[in-house]
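Based on these hints, arrange chains B and C on the given structure of chain A.
Residue numbers (this note's numbering), protein chains in the order written: chain A, 1 to 334; chain B, 335 to 529; chain C, 530 to 906.
The set of hints was computed from the structure by calculation and includes no laboratory data.
Computed from a predicted model, the values in this text were never measured in an experiment.
Be careful, since some hints might not be right.
The calculated lysine to any residue pairs, modelled on SDA-like cross-linking and capped at a C-alpha distance of 20 Å, are [unchecked claim]:
#1 C:Lys739 - A:Leu308
#2 C:Lys830 - C:Met592
#3 C:Lys883 - C:Asp571
#4 B:Lys477 - C:Met592
#5 C:Lys739 - A:Tyr315
#6 A:Lys314 - C:Lys739
#7 A:Lys142 - C:Val567
#8 B:Lys474 - C:Lys742
#9 B:Lys359 - C:Asn860
#10 C:Lys773 - B:Phe408
#11 B:Lys473 - C:Arg587
#12 B:Lys473 - C:Phe601
#13 B:Lys358 - C:Arg772
#14 B:Lys474 - C:Asp571
#15 B:Lys473 - C:Cys595
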Amino acid sequence: MDFIVDIIAKYSLVRILISFSLLIAIIMLNAIVMGYLERKICARIQRRWGPMEVGVQGWMQMFLDGVKLLAKQLIVPREANPFLFRMAPLLCFTPVAMAFAVIPFSESFYAMDLNIGLIYLLAMGSLNVFAILIAGWSSNNKYSLFGALRSVAQNVAYEIPILLSLLAVVLVTTSFNFKEIVAYQSGLLSFWMCQPVAFIIFLVAGCAETNRVPFDLPEAESELTAGYFTEYGGFSFGLFAIAEYGNLFIMSSVATTVFLGGWNGPFGLDFYSGPILGVFWFLLKVFILMLIMIWVRWTYPRVRFDQLMNLSWKYLIPFSLVNLLITAFIVKII
Amino acid sequence: MSLSTELVKILNAVEIKAVEADYKKQGYHVEVLLNKDQVRDFSKIMLEKEFYLDFVTAVHIESGFQAVYQFGHFEESCHVNAKAVTKDGTIHTICDIFHGANWHERETHDFYGLKFTDHPDLRVLILDEEDADLNPLLKKENKLKSLEKITRSEESQDKPAKSVKNKAAAKIREKKAKPEVKSEDKQDDKPAESS
Amino acid sequence: MGTLTTRFSTIQDPDEKHKFLLNMGPQHPCTHGVLRIVLEMDGEYAMGIDPILGYGHRMHEKMAECRQWSGFYPNTGRIDYGGAIPYNHGYCALIERMAGIEVPERAEYIRVITVELNRIASHFLGVGAYVIDLGAFTPILYMFDDREDILDALEDITGSRLTYCHHRVGGVSKDIDDLFIKRTRAIIKNIRSRFDMYDRLVTGNIIFQKRTKDVGIIPVEMARRYGATGPVLRGSGLGFDIRKNEPYSVYPEFDFDIPTGENGDAFDRYMVRMLELEQSLRIIEQALDKLPDGPVMAKVKRVKLQPGDCSFSVEAARGMLTYYLVGDGSNVPYKLKIRVPSYSNLSLLEELCKGSLIADLVSAMGSLDLIIPEIDR
Chain A
1 MDFIVDIIAK YSLVRILISF SLLIAIIMLN AIVMGYLERK ICARIQRRWG
51 PMEVGVQGWM QMFLDGVKLL AKQLIVPREA NPFLFRMAPL LCFTPVAMAF
101 AVIPFSESFY AMDLNIGLIY LLAMGSLNVF AILIAGWSSN NKYSLFGALR
151 SVAQNVAYEI PILLSLLAVV LVTTSFNFKE IVAYQSGLLS FWMCQPVAFI
201 IFLVAGCAET NRVPFDLPEA ESELTAGYFT EYGGFSFGLF AIAEYGNLFI
251 MSSVATTVFL GGWNGPFGLD FYSGPILGVF WFLLKVFILM LIMIWVRWTY
301 PRVRFDQLMN LSWKYLIPFS LVNLLITAFI VKII
Chain B
335 MSLSTELVKI LNAVEIKAVE ADYKKQGYHV EVLLNKDQVR DFSKIMLEKE
385 FYLDFVTAVH IESGFQAVYQ FGHFEESCHV NAKAVTKDGT IHTICDIFHG
435 ANWHERETHD FYGLKFTDHP DLRVLILDEE DADLNPLLKK ENKLKSLEKI
485 TRSEESQDKP AKSVKNKAAA KIREKKAKPE VKSEDKQDDK PAESS
Chain C
530 MGTLTTRFST IQDPDEKHKF LLNMGPQHPC THGVLRIVLE MDGEYAMGID
580 PILGYGHRMH EKMAECRQWS GFYPNTGRID YGGAIPYNHG YCALIERMAG
630 IEVPERAEYI RVITVELNRI ASHFLGVGAY VIDLGAFTPI LYMFDDREDI
680 LDALEDITGS RLTYCHHRVG GVSKDIDDLF IKRTRAIIKN IRSRFDMYDR
730 LVTGNIIFQK RTKDVGIIPV EMARRYGATG PVLRGSGLGF DIRKNEPYSV
780 YPEFDFDIPT GENGDAFDRY MVRMLELEQS LRIIEQALDK LPDGPVMAKV
830 KRVKLQPGDC SFSVEAARGM LTYYLVGDGS NVPYKLKIRV PSYSNLSLLE
880 ELCKGSLIAD LVSAMGSLDL IIPEIDR
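Same shape as in the complex, but just chain A:
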């Protein structure tokens, strides 16, 4: 065991290779699990059974869907820009994989410990919008272009409340490092209690940032058929779907780390006894958040685009600014 740890510590290339392959595995697994959960839970919400045919309770459905997507031909429309059209799914997927590198699953289970982890993660998260823009533009389809344009406007608008709400927490912790932010919440305190406004704003904006209903305007089915990925089929469509679930995971894990105390046990109950239990708590919180998003998605209708913009510019941003000011004021006094 020590021997392996030595090698990993000595040769950073090996470490990178191992962690990267693990990360890809986690992203794929996350997409499969979330895809399955989403189909099952939405079916239950709608008084249906969901997938039941393959395996017990249809657990193999997503694997088979993956195989089906892999087996399909990637059709490039004649008028599309073939290079960018093929690039876009990869561009969408790569930032997600890179962002996963700094997610701290537990105190010692992470790929990379950056002192600007939070900023890095948000930067990677917002790269997503480039991929969507490229996908929408290169398809040479008006619906795709609509979706892409909407997506850009939406992501720009909602990046601001996300940053502002996180900044309020960072003012208290005075660190961008995930480890330190989590360490700050080791006792009874976690930030959703003392920063409830920031937490709610983050959840709403995060929902919009990941293009989930009620903010799924870039792919608004009844208006834009499928938005930016109208022309995509096969595994390039699959990559978009995986990236979407990956983004969902990233948003939820940021919320978990910053507001819900990361890998700490809930309510200060310190069950912590090694990396395994920490990972358990972390994943539990992340999945609860993601399940809430699924619940919301299958309950609400979609907002209109001007309403979406109003929500961000007229409500979320002013409120998060006020919240930031009050936090700064309190921190200064204390």
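Showing chains B and C alone in chain A's frame:
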């Protein structure tokens, strides 16, 4: 005074032939027989009286077309059926008065080739553009009938052409049946059984 | 199909170079069925709207002219797949009016019961599809749950689930039994118990209200010019319903209201449909209570269509349906015109949505509750 009697008076005043119809048998209250050039005046009166347009259609007859307009009223129970015979296959549009007539006229143009003059946009509506000249509802020569044959008249009403095997026999029967009034009344009561 | 020229096939004015054409349909999720709309877009605003029909055209009117009147029964059920029984009813009532046939009272009651059940099923379909247009997928599955019960019950007496052919000239083809009555009463109870849930799930939802209120406002005057009928008209505040205005069948014997809206926006049209569910339930309940005994079919010998014309209007699920028949003395109709409610309801779309956001267009169009094959016929 009910709306239908009032309407008949108004229409008769401007020299439009209008009579009250038997609602139980015909399904409308007022029957209007228009000249081809009275269509627009008539529909202006209908708009003033707050009628809505039910439909516009046409019937293909030997001497050309019979355009049929049906109007209804939202507040009162009053359906108005107006017919105008056009021999040259053109009639003036009413779609600037009743905007809903636009599509009905386009459809009639599709199906019959009936031209609505001054219609702003007489493209095909329901048919494919390639089939624009198909006019599917036009009848073949041998199936065409004259206006009299499809119009309700005292004669035809009393005489539901029952068990008539050929036209010649029918004509003879008509001639014979005319004087017998009593037996025809019976037939009128139960035309279904009599056939 | 050949290329169809639209009103805006090219944009040539240099000032309007920033405008572009968007082809919505025929395979678009929001145009339920096969409607194609060509939009002239200025950004996200639809400045010009040109609906193109005919993708589901079957020429029912020609079919009617090519066969005996009795051969047209099955066609009536296939014009509007959402609510087919009123179409059966209208056609049979038309022939009965022409031939002067009296229908036994029990048959009339059964007709009313089936028509109203079908109206409920149709409203569930329409409202559910509308909510999908707005992005919420769940409510339609609850509504289909209720609709399923109705279809099961109707299947027992009519033999089909969607394209009914149950009414006959002179009555109905099959009598209802005690099982059907028991089932219908259970359905009524079940649907009533769900209203509260629909209120919370859809009507009370703030996003739903924001998407529908003040969207697609139809003033009464505009509805009159276009001849709009049904919930579209009643949403504008006019309580016009053939069942009350020109009572046919045994409707005068029932006590029911005509719900109306106030502003004529999409929300009012939605509310009218939801309130009509309750009224239809009331009619069915009263009909089941009063149901007389007796035959369900009059003795009808061969009917010849007299020379002359005749029209009959019934209230279908989407509005007033008029059959207009011209007979020539044979048993083949010389001309049959079917005036469908969605036809005039769609024709006002252009004026309704000019200059609105594409999202509002989808919302307004969904609230008209269109069945496209019905328009194409």
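Evaluation of the provided hints:
1. C:Lys739 - A:Leu308: 11 Å, holds
2. C:Lys830 - C:Met592: With a Cα-Cα distance of about 23 Å, the restraint between lysine 830 (chain C) and methionine 592 (chain C) is violated, given a limit of 20 Å.
3. C:Lys883 - C:Asp571: Roughly 11 Å between the alpha carbons, so the hint for lysine 883 (chain C) and aspartate 571 (chain C) holds.
4. B:Lys477 - C:Met592: 15 Å, holds
5. C:Lys739 - A:Tyr315: Answer holds: lysine 739 (chain C) to tyrosine 315 (chain A) is near 16 Å, not above 20 Å.
6. A:Lys314 - C:Lys739: With Cα atoms ~16 Å apart, lysine 314 (chain A) and lysine 739 (chain C) stay inside 20 Å; holds.
7. A:Lys142 - C:Val567: 13 Å, holds
8. B:Lys474 - C:Lys742: 52 Å, violated
9. B:Lys359 - C:Asn860: 18 Å, holds
10. C:Lys773 - B:Phe408: 11 Å, holds
11. B:Lys473 - C:Arg587: 18 Å, holds
12. B:Lys473 - C:Phe601: Cα-Cα ~19 Å, so holds.
13. B:Lys358 - C:Arg772: Cα-Cα ~16 Å, so holds.
14. B:Lys474 - C:Asp571: 48 Å, violated
15. B:Lys473 - C:Cys595: It holds: about 10 Å lies between the C-alpha atoms, which stays within 20 Å.
In this structure, the hints that do not hold are numbers 2, 8 and 14, in rising order.
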